[in-house]
Each structure stands twice: as C-alpha cells, then as structure tokens.
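Visitor: Numbers 1 to 105, taken from this note's numbering, label the letters of the sequence shown in order.
Keep in mind the hints are simulated off the structure, nothing from the lab. Any given hint could be a false lead.
[Said to hold, decoys possible] DEER-style ranges, computed between Cβ atoms:
hint, residue 1, residue 2, range
1, G25, T103, 34 to 42 Å
2, F73, A95, 19 to 27 Å
3, R51, E24, 35 to 43 Å
4, G47, K101, 15 to 23 Å
5, L29, K101, 19 to 27 Å
6, L55, M1, 29 to 37 Å
7, S83, T2, 18 to 26 Å
Yeah, the Cβ is synthetic: ideal placement off N, Cα and C, and Gly gets one too.
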Amino acid sequence: MTWIILILAGLLEVTWAVGLKYTEGFTRLTPTLLTLAAMAGSVGLLGLALRTLPLGTAYAIWTGIGTVGTVIFGIIVLDEPASAVRLGCIAMIVAGILGLKMTTL
Numbered sequence: 001m002t003w004i005i006l007i008l009a010g011l012l013e014v015t016w017a018v019g020l021k022y023t024e025g026f027t028r029l030t031p032t033l034l035t036l037a038a039m040a041g042s043v044g045l046l047g048l049a050l051r052t053l054p055l056g057t058a059y060a061i062w063t064g065i066g067t068v069g070t071v072i073f074g075i076i077v078l079d080e081p082a083s084a085v086r087l088g089c090i091a092m093i094v095a096g097i098l099g100l101k102m103t104t105l
C-alpha cells in the first residue's frame, strides 16, 4: 500500500508541475487553486509514504515520477522536443527509479 501512496504522490507532483504552466504566474484563480491542492496532496501523500519507506528512496522516486511524467506531458501535449538524448536521459531516470524500488523492501 505504501508504494501505491508514493506513486499517487508522484502523479500529483506531475499534476502540480503541469498546473504551474496554466496558472500564468498565479494570476488565474481556478488553475492556481487546483495546482495548490495538488501540491498539498502530493506532499501529504509523500509524508505518509515516509512512515515506512527510507527518505532517500521515497524522495528520489517521488521526484523521478514527477520529472518523467512532466517531461512526457511536455512532449505529448506541448510539442516539446523528443530527441534521442532527451529520451535516453528519461530512460536513465526510469532505470534509477526501478533500481531503487527493487533494492527497497
């Protein structure tokens, strides 16, 4: 269950990171409120996951999910570049996340 909580926290991190783009500098009320709610939820769920997971592992996986998810969103939705080097870097982040998951019981 802890891993599910951590994954949800990471997905909420993607939500707030993407939401920042749509707040237009926190000048749009609805995107700002949704972004702030996603931030609170993300950090709150990370805190719950930290009850049983090691800090370094949980934080690295949380930020990794956020990073990979945000880049993928940018590529698919915002037409950001998907160069081989960029995709290779994303693959290394995913490998790191999987490695941390496999070495943490």
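Visitor: Confirm or reject each hint.
Guide: Verification of the supplied hints:
1. G25 to T103: 34 to 42 Å: About 41 Å separates the Cβ atoms of G25 and T103, which means 34 to 42 Å holds.
2. F73 to A95: 19 to 27 Å: Roughly 20 Å apart at Cβ, these two residues keep to the hinted range, so it holds.
3. R51 to E24: 35 to 43 Å: holds, 37 Å
4. G47 to K101: 15 to 23 Å: holds, 19 Å
5. L29 to K101: 19 to 27 Å: For L29 and K101 the Cβ distance comes to about 38 Å; the hint is violated.
6. L55 to M1: 29 to 37 Å: Roughly 18 Å apart at Cβ, these two residues miss the hinted range, so it is violated.
7. S83 to T2: 18 to 26 Å: violated, 35 Å
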